[in-house]
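Novice: Protein chains in written order, with the numbering used here: chain A, 1 to 366; chain B, 367 to 493.
No wet-lab data here; the hints were simulated from the structure. This one's a predicted model, so the numbers in the text were calculated from it and none came from an experiment. One should not assume that every hint holds.
Said to hold, decoys possible - Counterexamples of contact, computed for chain B against chain A with all Cβ distances above 12 Å:
| hint | residue |
| --- | --- |
| 1 | Leu390 |
| 2 | Gly394 |
| 3 | Glu397 |
| 4 | Arg414 |
| 5 | Pro429 |
| 6 | Ala444 |
| 7 | Ser451 |
| 8 | Leu463 |
| 9 | Gly469 |
| 10 | Asp482 |
| 11 | Ala484 |
| 12 | Ala490 |
| 13 | Arg492 |
Claimed, not checked - Distance condition first, Cα-Cα at most 27 Å in a straight line; then the derived BS3-like pairs of lysine-lysine:
| hint | chain 1 | residue 1 | chain 2 | residue 2 |
| --- | --- | --- | --- | --- |
| 14 | A | Lys319 | A | Lys213 |
| 15 | B | Lys460 | A | Lys319 |
| 16 | A | Lys68 | A | Lys219 |
| 17 | A | Lys141 | B | Lys460 |
| 18 | A | Lys97 | A | Lys68 |
| 19 | A | Lys219 | A | Lys79 |
Claimed, not checked - Label pairs and their calculated CB-CB ranges:
| hint | chain 1 | residue 1 | chain 2 | residue 2 | range |
| --- | --- | --- | --- | --- | --- |
| 20 | B | Arg488 | A | Thr147 | 29 to 35 Å |
| 21 | A | Thr165 | B | Gln428 | 18 to 24 Å |
| 22 | A | Thr147 | B | Gly493 | 57 to 63 Å |
Virtual Cβ for every residue (Gly too), placed ideally from N, Cα, C.
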Amino acid sequence: MSTNAEMPADLLDGARNVVKYAEIRPGQQVLIHTEPGFDDPLLVEAVRTAVAEAGARPAVMHTEHWDKQREAPPPVFEKAIEACDVLIGQGEYLHTKNHYLQVALFERGLVYINSEAKTREAMSSLYGRFPADVLFAIGTKTLESLTPGSLVRVTTAAGTDLSMTVQPETVGGYCYPFKYDSPGHKKGVPGGTSCFHPEDPVNGVIAVEAITKGNRTPKTILDTPLFLTVEDHRVVAAEGECADWWEDFMRTRGDENSGWVAECMWGVHPKAGGGGRGASNPHLLHFGLGNSIAYGGPTFSHTWQVMFVTDATLTVNGKPLLDNGHLTLLDDPEVRAVAARFGDPDELLSQVPATLADQFGGPGGE
Amino acid sequence: MVSDVFHELESALEVAAATRRGQLALRGHDEDFQIEVDGQPFHLAIERGGFVLSPGASPRRQPMRFTRVQVDAPTLHAILAGDVSPVEAMEQGKLFLRTRLYGGALFTMLLRAAYDLARESRLAARG
């Protein structure tokens, strides 16, 4: 594929957005990874073209599929990422807790960009083409609201009520300009999530509505909540659907920190949903339990498990940042002023619906 | 002794800074690290293509530019001696980067450069 005349303009714009979000620079060696099911030639060519336009050196590697959590990667792929500056993962999410990726990121300085717009439709849509400056304005305002020592409380209609505090150095996510990044980082693009490591005291209840796969979970989207009681930062009791699974998981694979509340993350991208990463939509919020190292926490665990809730209200010192799944900063005058530079703020900042099925059912899901 | 650790770390980072990996970690970046060895803080400032290591806490804890590193002296010594890599130490729960999501790698890259140099020296000494 080399004729840009065949390239839909919206698709190329979405691919250019990947390059802008990731701040791909001239001279960088960029590896674009694809695999069966994630190898739309037109989409891959759009990303390759956008990388080349930036003056970087793109290369495309198509490998066989492998189980990203249980199997070693193809040796040729592992060697290839030793020789690139930036890896754009257009295939499945590579699960950065794998040792070879930890070494690549933290010791060699690889920049891993997980392209979350996995389909032609997603990359061409307003989700994929969403102006980076607007997302960064939303993200920066979000992070600024998480001031040192803030009391954060998350509640849901399903029964979640968890309180925690904030240390500013752990506040981050995939929502701010890449000028703040340095070699060795990983980002979801277009991203649109904010997060922090919950600081003590962390107490309350998580009414889990969906569970990510990976720890022999019997199902992902639950019919009724799994209630996890958190005391002094750790899950101490489970009741409800899949409580037996949790107890068995803790008994057979868990360690003293497997129930540690390591991450609180929510969406800030108003257009995230089908074909992209549902978790980036403000209707979805998730907690990560277990190893807190990648999230700035003080505890290590051999396990990791993510638990989703929907339509949360998240308050910072009593002020709603999320209000029943609506990101209140989308109404902020400064954010609207930035959006006005790129189009109609009402259109750009209106929040599309998102459900757990968007996170777990589509190609951009988990 | 923490003061010995300070000098050991400073010497190792000076050599590591001259490597290709060290330069990748230093050039064009502006970040602060508070390295807490058995709770004793050192301040590592990465700026203007180099670094300054000094005793005491970091005076600049700017969000998005700041990382607290927590490690014990035996683990840090093992890394600088080429016995345990930084990621191995992280995976053993002995090295913590208290920072933003996937941040703080500039320091672990420097540690890896020091680790590699220590191993190379050991191999060279064996002839």
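Novice: Hints numbered earlier in the text: which of these fail when held up against the supplied structure?
Specialist: 1, 2, 3, 5, 7, 8, 9, 10, 14, 15, 17, 19, 20
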